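A.B. asks: One-letter residues, chain by chain:
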Amino acid sequence: MLKYIFKRIMGAIPLLIIISIICFGLIQLAPYDAVDAMTTPNMSEKTIELIKARYGLDQPAYMQYFYWIKGILSGEWGYSIVTHESISHNLSTRIPNTILLVVPAYILALILSIILGLFSGAKKGKLVDKIIDGYSSFGIAIPSFWLAMILVFIFGYSLNLFPILGMHTIGSEGSFPDLLSHIVLPCTVLTLSFLPELVRYVRSSTIGQLSEDYVMVQQAYGAGATSILFRHVLRNVLLPIITIVGMSLPMLVTGAVVTETVFGWPGIGTYFVTAIRGFDYPIVMAIMLLSSSLVIIGNLVSDILYSIVDPRIKGMGE
Amino acid sequence: MGRKNVNILVAMLLSIFLVLAACSSNTKDNANTKNTSEGTNKPDTFVYGIDGDPGNAVNVITTGDRYGLMEIKALYSPLYMYNGKDNVKYFLAESMTPSADFLTYTAKLRKDVKWHDGQPFTADDVVFTYDEMLKEANGGWARSQLIFNNKPVKVEKVDDYTVKFVLPEVSMGAFEAFGNIFIMPKHIYQGETNIANSPKNATPVGTGPYKFKEYKAGESVTFEKNDDYFLGAPKISKVVYRIIMDANTATLALQKGEINSLAIQPADTSKFNNSSNVTLKPYDEGRIGYLAFNLGSKTVQSKELRQAIAFGLNRQEINTASYVSSDFSQPAYSFLPKKATYFTDDVEKYKFDKKKAKDLLAKSGVTAPKLKLAFIANNPIQQKQAAVIQQDLQAVGINVELVGMDATALSKKLQSVQSDFDMYLSGYIMGIDPDTFNSLFVTNGEANYMHYSNAKVDELFNQGRVEKDDAKRKAIYEEIQKIIADDAAFYPLTENKRILAIDSRIKGIDEATLVPVYTFEDMSKLSY
Numbered sequence: 011m012l013k014y015i016f017k018r019i020m021g022a023i024p025l026l027i028i029i030s031i032i033c034f035g036l037i038q039l040a041p042y043d044a045v046d047a048m049t050t051p052n053m054s055e056k057t058i059e060l061i062k063a064r065y066g067l068d069q070p071a072y073m074q075y076f077y078w079i080k081g082i083l084s085g086e087w088g089y090s091i092v093t094h095e096s097i098s099h100n101l102s103t104r105i106p107n108t109i110l111l112v113v114p115a116y117i118l119a120l121i122l123s124i125i126l127g128l129f130s131g132a133k134k135g136k137l138v139d140k141i142i143d144g145y146s147s148f149g150i151a152i153p154s155f156w157l158a159m160i161l162v163f164i165f166g167y168s169l170n171l172f173p174i175l176g177m178h179t180i181g182s183e184g185s186f187p188d189l190l191s192h193i194v195l196p197c198t199v200l201t202l203s204f205l206p207e208l209v210r211y212v213r214s215s216t217i218g219q220l221s222e223d224y225v226m227v228q229q230a231y232g233a234g235a236t237s238i239l240f241r242h243v244l245r246n247v248l249l250p251i252i253t254i255v256g257m258s259l260p261m262l263v264t265g266a267v268v269t270e271t272v273f274g275w276p277g278i279g280t281y282f283v284t285a286i287r288g289f290d291y292p293i294v295m296a297i298m299l300l301s302s303s304l305v306i307i308g309n310l311v312s313d314i315l316y317s318i319v320d321p322r323i324k325g326m327g328e
Numbered sequence: 015m016g017r018k019n020v021n022i023l024v025a026m027l028l029s030i031f032l033v034l035a036a037c038s039s040n041t042k043d044n045a046n047t048k049n050t051s052e053g054t055n056k057p058d059t060f061v062y063g064i065d066g067d068p069g070n071a072v073n074v075i076t077t078g079d080r081y082g083l084m085e086i087k088a089l090y091s092p093l094y095m096y097n098g099k100d101n102v103k104y105f106l107a108e109s110m111t112p113s114a115d116f117l118t119y120t121a122k123l124r125k126d127v128k129w130h131d132g133q134p135f136t137a138d139d140v141v142f143t144y145d146e147m148l149k150e151a152n153g154g155w156a157r158s159q160l161i162f163n164n165k166p167v168k169v170e171k172v173d174d175y176t177v178k179f180v181l182p183e184v185s186m187g188a189f190e191a192f193g194n195i196f197i198m199p200k201h202i203y204q205g206e207t208n209i210a211n212s213p214k215n216a217t218p219v220g221t222g223p224y225k226f227k228e229y230k231a232g233e234s235v236t237f238e239k240n241d242d243y244f245l246g247a248p249k250i251s252k253v254v255y256r257i258i259m260d261a262n263t264a265t266l267a268l269q270k271g272e273i274n275s276l277a278i279q280p281a282d283t284s285k286f287n288n289s290s291n292v293t294l295k296p297y298d299e300g301r302i303g304y305l306a307f308n309l310g311s312k313t314v315q316s317k318e319l320r321q322a323i324a325f326g327l328n329r330q331e332i333n334t335a336s337y338v339s340s341d342f343s344q345p346a347y348s349f350l351p352k353k354a355t356y357f358t359d360d361v362e363k364y365k366f367d368k369k370k371a372k373d374l375l376a377k378s379g380v381t382a383p384k385l386k387l388a389f390i391a392n393n394p395i396q397q398k399q400a401a402v403i404q405q406d407l408q409a410v411g412i413n414v415e416l417v418g419m420d421a422t423a424l425s426k427k428l429q430s431v432q433s434d435f436d437m438y439l440s441g442y443i444m445g446i447d448p449d450t451f452n453s454l455f456v457t458n459g460e461a462n463y464m465h466y467s468n469a470k471v472d473e474l475f476n477q478g479r480v481e482k483d484d485a486k487r488k489a490i491y492e493e494i495q496k497i498i499a500d501d502a503a504f505y506p507l508t509e510n511k512r513i514l515a516i517d518s519r520i521k522g523i524d525e526a527t528l529v530p531v532y533t534f535e536d537m538s539k540l541s542y
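Line order of the protein sequences matches chains A and B.
Residue 164 in the working numbering sits at position 154 of the first sequence; the count goes up by one each step and never skips.
Residue 166 in the working numbering sits at position 152 of the second sequence; the count goes up by one each step and never skips.
Which chain A residues face chain B? A few, computed with CB under 7 Å, are given here:
1) Tyr167
2) Ile174
3) Ile180
4) Thr271
5) Val272
6) Gly274
7) Tyr281
Straight-line Cα separation of at most 20 Å, EDC-like style, residue types lysine to aspartate or glutamate; simulated pairs:
8) B:Lys270 to A:Asp188
9) B:Lys149 to A:Glu59
10) B:Lys365 to B:Asp500
11) B:Lys386 to B:Glu318
12) B:Lys214 to A:Glu95
13) B:Lys496 to B:Asp484
14) B:Lys103 to B:Glu299
15) B:Lys486 to B:Asp359
16) A:Lys62 to B:Glu150
17) B:Lys128 to B:Asp241
18) A:Lys133 to A:Glu222
19) B:Lys227 to A:Glu95
20) B:Lys386 to B:Asp434
21) B:Lys496 to B:Asp359
22) B:Lys352 to B:Glu492
Restraint ranges, calculated between C-beta atoms of paired labels, are given here:
23) B:Gln279 to A:Ile32: 33 to 43 Å
24) A:Leu26 to B:Gln429: 35 to 45 Å
25) B:Gln279 to A:Gly21: 48 to 58 Å
26) B:Asn164 to A:Ile32: 42 to 52 Å
27) B:Gln344 to A:Arg287: 23 to 33 Å
28) A:Ile32 to B:Ala423: 15 to 25 Å
29) B:Ser290 to A:Leu26: 58 to 68 Å
30) B:Ala281 to A:Pro187: 32 to 42 Å
These aren't lab readings, by the way, just hints derived from the structure by calculation.
Predicted model only: the values in this text are computed from it and were never measured.
In this text, a Cβ means the ideal position worked out from N, Cα and C, and glycines have one as well.
For reference, chain A alone in the conformation it holds in the complex (with noise of 0.2 Å):
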């Protein structure tokens, strides 16, 4: 086993490397220069000149790309060009929050997806199937930009329930109740919006289990159809839902871009649109490193679980 997880963390390692060089080799050709963010237009030459010497940016690339491994390892991710802040700070305040109204959010719909997904595999075919399934293809299609309009108008303005803006109300910061009732309205939107795909998956996933020769040989045996549902078929359809849950780690960083704009949220995703709006090109590629660097870290991790989880895996590779 431990065998198996150190082949896999040496296997994530080249990718990881091959993903930072892509980035730099981006920053490198993008139109700005990275003194760009320390300097001002009016600076002297020689000023301009120290401040390279001392980053590092007279040297070669490769050279370059070393002092910017070792600043990215040691927690130094550069200045925004625009507003010439450190982006690590930055980032070390909107991660929390982000990942505040992700985390709840995506349980909250794992939980319900599961629920929802082997109550209409069970019954495949039926009323509640059809509207299961049915609000899944629906809910897909909905954007959750117009999701959470809809929401902010009817729960934020006219029934007056939710505040509707970022996280706290002025005055009372450290409140738990003023941030829970700040939380719902973004939380049910990207809850309403991660739900519909994991429906989907538990559902087919259900499908494709009730039709296997253990199912029958339960019924044979006269186990009842929720004891072989939550005994043996959930058991089974939650193996590939560690994959899933892995995979979508990068959502800590992305997953809620479009609802934190609308409200006010001050996480990661309304930084990176006013980045990416102020081609403020130091912010955009930090968000886009962190972010596939999780896509590959999520990717060994649920490997690495999967196999705790289902040791029949590992084998597969050799």
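Given the structure of chain A, go ahead and fit chain B onto it with the hints provided.
C.D. replies: Below, chain B without anything else, positioned relative to chain A:
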């Protein structure tokens, strides 16, 4: 058996929904009590919605964006604000008097001013600020207006409360150029080599009506009142600039009362027409919105062609389409806004005339021209202007291709000589004295994005800058306005207003005074 299992499932689902419902009804209650308590207790906080993030590095030297400057206006004070020839509002200075030869200006400073950290404000801070502004390495926004014919102004301390500005040569725009510069504390910034990136910017210390309390990235900037403010303690104890990127959310938040103030688009004004909670305050920023030709492109070199286009455009229609009503926009004919000194509308107005346009087009010798018009793609005003322009010109036989661009990308393009487009839509807010407009029109001027060059205009701008006689200056600037209109490289469309929608409970807006860029000249005068 099957039925029993269904029952169990249904029961499970029900229980889950019950739990969820319980949770959400709880939060609903919370939200309700929250909102009502907000309604009654609020009048100590003023929340202003903004659609950009000013960042946490505002400083008086390099900050130049609208929201950064709004933050600076709350935190710092200038010597005085120049709002027009007879409209100078003094802050840190009690007076500013020129000598008889107009080569020396003397500022008398207030003696009762303290920095937010309790240190006294003196002439040293003023000298320090102007010196830092003049240092090339700092990249200060006002540096070029403090340089006169390649020689910088000299700022000297006479005593603790008197400062002397010594000009290298006479400049009639100098009085305006020295104003609107905010003073920073010497005891904080002394020895700082990189002001733009200084960590000190995160905890600004000023002399303004509000003290800096907290900046939350992407969320808000919070200020609390400065009880020692030299023009009297502010009446509202807390001011918050709340960052809301989505315009629809922002408008709803204003309707709902989550924010108290917001600048809105003309098309959104109808939402507030019958509102008793929100008042609309359109105000003049001296902004000219225009269509200009990119003279870096070969296609538009012919003056007849440009004039043909000017006659082919229906200014009235373009403005109505983009600004809805004449309450928010007036047609502009000169490059100067109405409140600028020496403004005249006695220039060629290019009254909409299809026949003239066609004749001039034939005369220009350009057959079936195809022109590219660049504008900011996500700007709702420019979208409409561009669409009407395209139609108008189609009618006189000129094909226009619309090139929607990102704002930053367009401004980058404009700064270089290129031929990616032939015309573009834009706008500017400059100063009061016509000299502040020279960088837009003189050959190789910093903001001369048209790449316009007319030797006569260059010469007149230079004369106007040093002419002491008021009548002669007037003649000079009126002539410039005529020449620029005749050259037809610059087609002013509108002098538009900014529409501030504000909570009807807020009083003292007239005393606080609505001004360009900063919104309020003195926020301490606002009250509930």
